[in-house]
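Position chains B, C and D with the ligands relative to chain A; hints supplied.
Chains as they are written, first to last, in the working numbering: chain A, 1 to 331; chain B, 1 to 331; chain C, 1 to 382; chain D, 1 to 382.
Any given hint could turn out to be false.
[Unchecked claim] Below are the EDC-like pairs computed for lysine to aspartate or glutamate, each with C-alpha atoms no more than 20 Å apart in a straight line:
hint: 1; chain 1: B; residue 1: Lys184; chain 2: B; residue 2: Glu21
hint: 2; chain 1: B; residue 1: Lys44; chain 2: D; residue 2: Asp271
hint: 3; chain 1: C; residue 1: Lys54; chain 2: C; residue 2: Asp320
hint: 4; chain 1: A; residue 1: Lys250; chain 2: D; residue 2: Glu346
hint: 5; chain 1: A; residue 1: Lys250; chain 2: A; residue 2: Glu284
hint: 6; chain 1: A; residue 1: Lys184; chain 2: A; residue 2: Glu8
hint: 7; chain 1: C; residue 1: Lys25; chain 2: C; residue 2: Glu299
hint: 8; chain 1: C; residue 1: Lys54; chain 2: C; residue 2: Glu325
hint: 9; chain 1: A; residue 1: Lys250; chain 2: A; residue 2: Glu186
hint: 10; chain 1: A; residue 1: Lys44; chain 2: C; residue 2: Glu294
hint: 11; chain 1: B; residue 1: Lys44; chain 2: B; residue 2: Glu22
hint: 12; chain 1: B; residue 1: Lys250; chain 2: C; residue 2: Asp28
hint: 13; chain 1: B; residue 1: Lys250; chain 2: C; residue 2: Glu346
hint: 14; chain 1: A; residue 1: Lys250; chain 2: D; residue 2: Asp348
hint: 15; chain 1: B; residue 1: Lys250; chain 2: B; residue 2: Glu199
hint: 16; chain 1: A; residue 1: Lys184; chain 2: A; residue 2: Glu17
In case anyone wonders, no lab produced these hints; they're calculated from the structure.
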Amino acid sequence: MASVETRETTYLTAIREALQEEMRADETVFMLGEDIGVYGGAFKVTEGFLEEFGPDRVIDTPISEAAIVGAAIGAAHMGLKPVAEMQFIDFIAPAFDMIVNFAAKSRYRTGIGAGLVIRGPCGAGARSGPFHSQSVESYFANVPGLKMVAPARAYDAKGLLRASIRDPDPVLFFEHKFLYRRIKEELPTEGEVLVPLGEARTHRPGNDLTIVTYGAMVFKSADAADRVAAEDGSEVEVIDLRTLRPLDTKTIVESVRRTGRLLIVHEAPRFGGFAGEITAQVCEEAFEWLDAPIRRVTAIDTPVPYAPTLEDYYLPGEEDIVSAARWLLAY
Amino acid sequence: MASVETRETTYLTAIREALQEEMRADETVFMLGEDIGVYGGAFKVTEGFLEEFGPDRVIDTPISEAAIVGAAIGAAHMGLKPVAEMQFIDFIAPAFDMIVNFAAKSRYRTGIGAGLVIRGPCGAGARSGPFHSQSVESYFANVPGLKMVAPARAYDAKGLLRASIRDPDPVLFFEHKFLYRRIKEELPTEGEVLVPLGEARTHRPGNDLTIVTYGAMVFKSADAADRVAAEDGSEVEVIDLRTLRPLDTKTIVESVRRTGRLLIVHEAPRFGGFAGEITAQVCEEAFEWLDAPIRRVTAIDTPVPYAPTLEDYYLPGEEDIVSAARWLLAY
Amino acid sequence: MQVTRERRSLARGSGISPYQDGHLKTLDRRDMRSLYRLLWLTRALEERLEIIFKQGQVVGGLYRSLGQEATAVGCGYALSAGDWIAPSIRDLGALLARGIEPHDILRQYTARGTSLCAGKDNTNHFTVPELGILGPISPLGTQLCVLNGVALSFRTRREPRVCFTFQGDGASRTGTSHEGLAMAAALNLPIVVVLQHNRWSFGTPSTAEAAVENWADVAGAYGVPAVTVDGNDVLQVYDAAAQAIARARAGDGMTIIVSETYRMLGHAQHDAQRYVPDEELIAWRDHDPIRSFETYLVEFGFESETSLAEVRAEVAAALDVATDEVLAEPYPAPGEARSRVYGNAELDAAIPWTRGEVPGYEGLVTARPSATRGTTRQSQGA
Amino acid sequence: MQVTRERRSLARGSGISPYQDGHLKTLDRRDMRSLYRLLWLTRALEERLEIIFKQGQVVGGLYRSLGQEATAVGCGYALSAGDWIAPSIRDLGALLARGIEPHDILRQYTARGTSLCAGKDNTNHFTVPELGILGPISPLGTQLCVLNGVALSFRTRREPRVCFTFQGDGASRTGTSHEGLAMAAALNLPIVVVLQHNRWSFGTPSTAEAAVENWADVAGAYGVPAVTVDGNDVLQVYDAAAQAIARARAGDGMTIIVSETYRMLGHAQHDAQRYVPDEELIAWRDHDPIRSFETYLVEFGFESETSLAEVRAEVAAALDVATDEVLAEPYPAPGEARSRVYGNAELDAAIPWTRGEVPGYEGLVTARPSATRGTTRQSQGA
Ligand SMILES: Cc1ncc(C[n+]2csc(CCOP(=O)(O)OP(=O)(O)O)c2C)c(N)n1
Ligand SMILES: Cc1ncc(C[n+]2csc(CCOP(=O)(O)OP(=O)(O)O)c2C)c(N)n1
Ligand SMILES: [Mg+2]
Ligand SMILES: [Mg+2]
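Excised from the complex, chain A in its bound form (with noise of 0.2 Å):
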């Protein structure tokens, strides 16, 4: 047994964890979104809230996404500190101009910025269709201001969580809704957790191809890695991006120029998604190491489709992964 203590946590505990610590260190932290406050949160993150924290800092609002972001930004303007929840993260879509408009321009415009954090549940797998199922972060990923999070591990989504709470500017904080039970891990039950915005992670070293990859896909992409060491031999370095913007650009770079194989997976469709930026940076910082192509494995080019059917199919799965990961091994 190690000398601090820990407990088995989940993702979603982790999540409880970061808002309840944050919000009994500072009385400037508060939340507000739809039935987190008498219902607990539609995933029951926030259960017991209002009970400890009252209704002055666990705010149940109207159905009004753009409303409780411009609300988030006015309190920050103030000097609260608000987490503004999106029941799902496809409900960010209304919330986009005052996002783009309003919070992520504020600080450059004004001087006066809008330290917040709106997060809420993103990601497929969980079988629930094309509107709470998708992966949001290329929507804002041409918005300078913005900083977005977007954690796979219980430790890292406590310790994000409450590096973005103190953090000066927007950030958007995208928990996976896959990953809200399933992953648990030993966390420490005493002392701060807490992980510094901009800082990608290795998440399983190797030295013969380097997948970059976040959220619910690091997993997959760590089961396909165990499974090439296995079966040829050949270690494949995964790293977890964890924060998606500021991109830890140096990590990733360091690895390609060790590895020379690049392998991008997102759960996002291919076309526009997130894999460009990082292809476009090692592109231009790590073009003479690479000893083969970079390639993407994404999810196809549709909505997201409710079918168990479909969505296996539209899901990037370990087998991609492993098939790509060979083919970039061999070339």
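Frame of chain A; chains B, C and D with the ligands shown alone:
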């Protein structure tokens, strides 16, 4: 003089003519938007339309971009061909949900498509500040089901708008406001100017370097290419994408395989910009033909600033393109 | 059309009001039977869905309209062929009135390839032009905006057709809902909007979501008339709907109907409704739309207890068959995931769908000019 | 607070109503002078802006509030220190009342590096916490949503401070405006919203944008009180604003004030207003907010023609100085375009801003391992 009669036509007039001609030829085509009727449109694109086509086909709406796009979707379902104007393309943001979730996914989900056009002035350089200058293509790049068009020439503006109106899918049509009255061409007075979606155009041929670009940057790139030709004797090929989605990968890859060098130029900020997707596709299909890293010349990663000094700094300039081109040619 | 506001006490306990005036005069015995069958079918089909949900046959979530069936049915029944309707989350009865079959609903929830969405979307998200049905999408408030476009096409073509839609009290707070109402009013579109004041929005009471007391006042923001009805009284709903539809058909524009009703179950299957005060549930249980209509039908001689039982038995039998048939149908073939993204089939075919396979790559490997390039490079790199 | 609705005929032609009741009692001679100076300053400053616009000194567009000055001034004057205000497009007078200097406005429009937005944004888009000013952004309807957050912070901290904002009749149709109003009402925030019914929205008459007749009815959608004022009567506006502010400060929530007024010029400088019927302009010209206040001040002995002329001369002199000073100031240095995107300065510094330069690349060229790779490749490619 050619056998076809021509008339000098501005980019703006070309757009007006495309709308007029489609509306005259097909009574299911109609327009809706803010101040397009009585006032004739913020840029006077639809001046005289109300008189010619009547209030059923030139509809002044309340200020409500989501409702405008929504009505366009419903009308498209009923077999009409709606052309929705966004007064400035920046104001597409409040319609984001409607476009991404309703229009783009409609055919996939229900089998009923939404053949509509959303058009509006985009782009910087007109001293219009952060909210009347944006390039929004990347916000929509990761949304399957959409098409996106960004013409540079008057001919293409006209031909592509006509094709967009006839297209069975939702098309976002980005008119660069800086070109409205600055670009003039001799266009045929008779006969159909029609440019199919999905086909890039070689604006300037060359064998030493490929520049892929679109919108107002086509002209800056061509100017840069001319300078490089005159001063260095190298021939830079400039490809005007015209349509951003579906992307004409074939033309890009063919050119890059020939020149071995690629520079992508766009006006939107760098991070998460459209260059990423192009880079990824070229890496996938022409990696072995590349003799140098793929490079990007883009705006800086900030909102579009207002002051002339700042906006000029923000925008990619001819000088930037020339120096990136030289670097690539010397590589 | 006159703006009336009839509020009934929660515990009024009485049956359907026996008025036979206005549009109700046009309802004959057969209509009464149809209304009853639709009410019962709605409830029974949802119960069936709940059963197969518990058996793990429903792929996603399941939302019920228990206690609100009368509003959906009364409205759906008032529409004519050629009219269009866009349901919201709890309006199954209106879809059934429009001609949607239980099979269709079962297929939707169980994601069958035969479903109206071909397994690509769920619940009531289907658009069926033949039946005049516009499917909503999940983001609330949006379908009214789209329905405006359908209504616009009626107006443009001078067709005397009407559009009808529903909106939750919660959904009425969304920006899109407002934009949709505002545009319908400004363009004087032939639209009827039912505002379902069912006291809850997921886990939040309407009183916390809005400071509005008289929901009909919402119409003030749009300059259109509003009428409030007892949403659990199918005849009263039908009457109001028929009047509003007639008004819209005559070119007089939008009407808002506020339905005073109550959501008798949690938001969805996973919601045990623990936050709801017992008294509220009990009071509304006494005002069940189906039970009170049964009493009315028997009391006024339209039906007997026996004839009503026969209707229920017939529905149950039909649902047995439908459930068996649908559950025997397969999921869509995986490759269907790629179809109909775009209207051009060539385009769908050209999209690089592939992930692992990537056939093009193999060609690349053989075609690649590495040898030459390696040399160029080396000489340059020196 | 009582809901009143006073509509005056366009051509009423009379001066300011000489009531001295309610909150007006608190206004003394000095206040009257201040109100007049603010009204005049607003108009004169805008005229000055128009002059330098025509000289090509204004970088972007220019929007005037001619004819609407009384609403902005009356409201701005009613606020206390510590309160916040979010202006809309035609509320310069309120900003001046809040303490914004003509210099600030001139700098904004001429994109000076010294401007409150450091040249990065234009018009009234500045946020100045010290003066309680929240800058709007161009997408209409958004600023109320953000102001809600400011008001929320007051509520949370139990501070008796109030937020105030303006909204055009056109802007009231946006989804965000609705969401903002709905949330302010639902959360019972200390907010006052002035709905400017100025008959136009860019080139479209309000009657085409909305079927609303009594704009105070808009409040019905939110369950809050509304009051209608003659927006060209600065005292009436002040009174209504002061009452609504007092109500909000007392914790009783939002009030909507409908200002009946008229936009006397085109939407912006480039709009010659050709679509406006002459009669309308003429009728409203007779109801000029400044002229009628002058008559009132003289008639009731607050001022003389001479003293008013002195105020105007003082304003003109001040504007001469301000214009000269501001025009002598430089644009921001180009490199400032990169600053303050993020709250972490290291992050701003680390962003690859470069286009042509790209310093990193040179390093790459020397560091690149081409030689080795070329070989590997050749052997593999064979
Ligand atoms: C824009 C948006 N935000 C959030 C949701 C999640 N959501 C689905 S239904 C619902 C509650 C709806 O309440 P109401 O409109 O009153 O309808 P009811 O459930 O009472 O029929 C919520 C919050 C959504 N679908 N769309
Ligand atoms: C979301 C959005 N759509 C369009 C515009 C362009 N626009 C700027 S002002 C304006 C008219 C505003 O009318 P109103 O709200 O009545 O204000 P007024 O000009 O009368 O003061 C329009 C359409 C905008 N700023 N924001
Ligand atoms: Mg409800
Ligand atoms: Mg107006």
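Unsatisfied constraints (hint numbers, rising): 9, 10 and 12
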